[in-house]
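Starting from the known structure of chain A, fit chain B onto it as the hints suggest.
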Amino acid sequence: MLEVKNLVTSFGSVVALDGVSFTAQESKITTVIGANGAGKSTLLRTISGLEHAASGSITWSGKSVLGMRAEDIVRGGIAHVPEGHAVISELSVEENISMGSLFRRRKFKADVAAAQDEVFELFPRLKERRKQLAGTLSGGERQMLAISRALVSRPKLLLLDEPSLGLAPLVVEQIIDSINILCRTTGLTVLLVEQNANTALGVADHGVLLSLGKVVADRPAAELRADSNLRAAYLGY
Amino acid sequence: MDTFLAALFSGTSRGAIYALVALGLVIVWRGAGILNYAQMGQAMFSTYIASTMIINGNSYWLAFVVAIAVGAVMGVLLDILVMRPLSNKKKTELLSSESMRAAIPVIASLGILGVLQALAGIIWAAEERGFPAPYAQEGFTVAGNVMPFTSFDVFVITVVLTTLALTTLFFKKTGVGLAMRATALNSEVARLSGIRTNFTRSLSWAFSGAASSLAGLLITPTSNLSPNTLDLVLIIGFTAAVVGGLDSPAGAVIGGFLVGMVISFVSFYDTPEDVFLAILAVLILVLIIRPRGILGAKDARRV
Chain A
1 MLEVKNLVTS FGSVVALDGV SFTAQESKIT TVIGANGAGK STLLRTISGL EHAASGSITW
61 SGKSVLGMRA EDIVRGGIAH VPEGHAVISE LSVEENISMG SLFRRRKFKA DVAAAQDEVF
121 ELFPRLKERR KQLAGTLSGG ERQMLAISRA LVSRPKLLLL DEPSLGLAPL VVEQIIDSIN
181 ILCRTTGLTV LLVEQNANTA LGVADHGVLL SLGKVVADRP AAELRADSNL RAAYLGY
Chain B
1 MDTFLAALFS GTSRGAIYAL VALGLVIVWR GAGILNYAQM GQAMFSTYIA STMIINGNSY
61 WLAFVVAIAV GAVMGVLLDI LVMRPLSNKK KTELLSSESM RAAIPVIASL GILGVLQALA
121 GIIWAAEERG FPAPYAQEGF TVAGNVMPFT SFDVFVITVV LTTLALTTLF FKKTGVGLAM
181 RATALNSEVA RLSGIRTNFT RSLSWAFSGA ASSLAGLLIT PTSNLSPNTL DLVLIIGFTA
241 AVVGGLDSPA GAVIGGFLVG MVISFVSFYD TPEDVFLAIL AVLILVLIIR PRGILGAKDA
301 RRV
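Keeping their order, the protein sequence lines are chains A and B. Take 1 as the starting number for the first sequence in the numbering used here and just add one per residue. Take 1 as the starting number for the second sequence in the numbering used here and just add one per residue.
No wet-lab data here; the hints were simulated from the structure. This list has only true hints and no planted wrong ones.
Each computed DSBU-like pair below joins lysine-lysine, with the alpha-carbon atoms no more than 30 Å apart:
id, chain 1, residue 1, chain 2, residue 2
1, A, LYS131, A, LYS109
2, B, LYS172, A, LYS131
3, B, LYS173, A, LYS131
The model shown is predicted, which means the values in this text are computed figures rather than measured ones.
With the rest of the complex left out, here is chain A:
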């Protein structure tokens, strides 16, 4: 279980997260929704160690990850796919994937190969393009590659930041489906940040609504989806 308590993160005088508390259950998809600037990305970046929290606590499976370095948090089983199809354009598809399992290549040599096969099975398009530079891929393929890079590190918790950003609806559906299948079949815990609330709530078990750095609703996804008042007030549709 991921437990976030009273988390405060600020940039200079701007408070991006203002005492955020929520929990994400294991082997479930929890989505964090909210308008632009609500603090969704900052939340993920603080959990994965890219930003430093001013106060509060973050624990995963009972262990605190606050103050740990990003590279060690990944090694502890929390993988983060940041916003904007974060792949390295100048490296090949294969290199982008193996990058994510470099730290496991000595101890778990056989599993590294198995993990790579699994992501190629999940996203066959990447297998076809394994020798191509990541920069030559389409937006959807890049997002698949970024997710693959995270998956080969064998995470227990996957942090996904706006996977639908800038992608065609059909591709979004495909990616969301893959995440859903992964969660249901392998017991992966997913924390999904989305601006596209409808899509996110459609697949998630639980929803957390952020507004200006504060949690304004924390309920089962279906309930949130049905609450038209909340939707109108915070999501504008």
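Chain B in isolation, oriented as in the chain A frame:
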């Protein structure tokens, strides 16, 4: 024809060394985002250590290996003791502008260059001394003519080409090489992949230190050794790196050989006094035609 061959050979040998210097600069620029002006100061220092060892009766080869190792260690120390603390986000957040923050490591590296040169002057006295070559420096004789191409030149070219080949293999084929490239290209994605970027960055410094020390060992037999002799090599190496494209290791090598050829042909066909004018002309020409260098990346980088 003889002049042409002579210029070609001499340009290859000189170019090989400039390629090494340029590669050292490029690796640190890519890996840490810092232009290391102290690089040839480090090389000068480790060459002095080699020189002292040889004077005290050690073999050339032992001194050769020790100097390269010292170069690598100096690179790592420079990173850990100076550059890493200076690039600490928390400590520099008082500086408002990004360009000021970028200027800090540059000023620091210039300061270190000064300190190293002063130290070398204090320890080894500031006058020039010779540095030995492991092979003869008499030219080969071709059809009765003595060519300006020596066994030492063959040694230089062999060592540099081997180093370049091994470096390429290391970066392309090994996990650590991939980690270093990833860190250089996008350190945030690298960290999120579990790569310890502080470590890979220090490795870049070590590599650059070793490469420039090697360059120092290879160039001082023909230029003598003093605290300042390698300043010129840094300037030429820097030009080579910019000509090739500051963020491209392959470009650094091409730039090194190109600049070496220009220097050589100008000094053979014109006069050695015009060499710097010619380099400046090449630099300006490249900056006008291809501002990012021969193999430099397009604007699409840095995402």
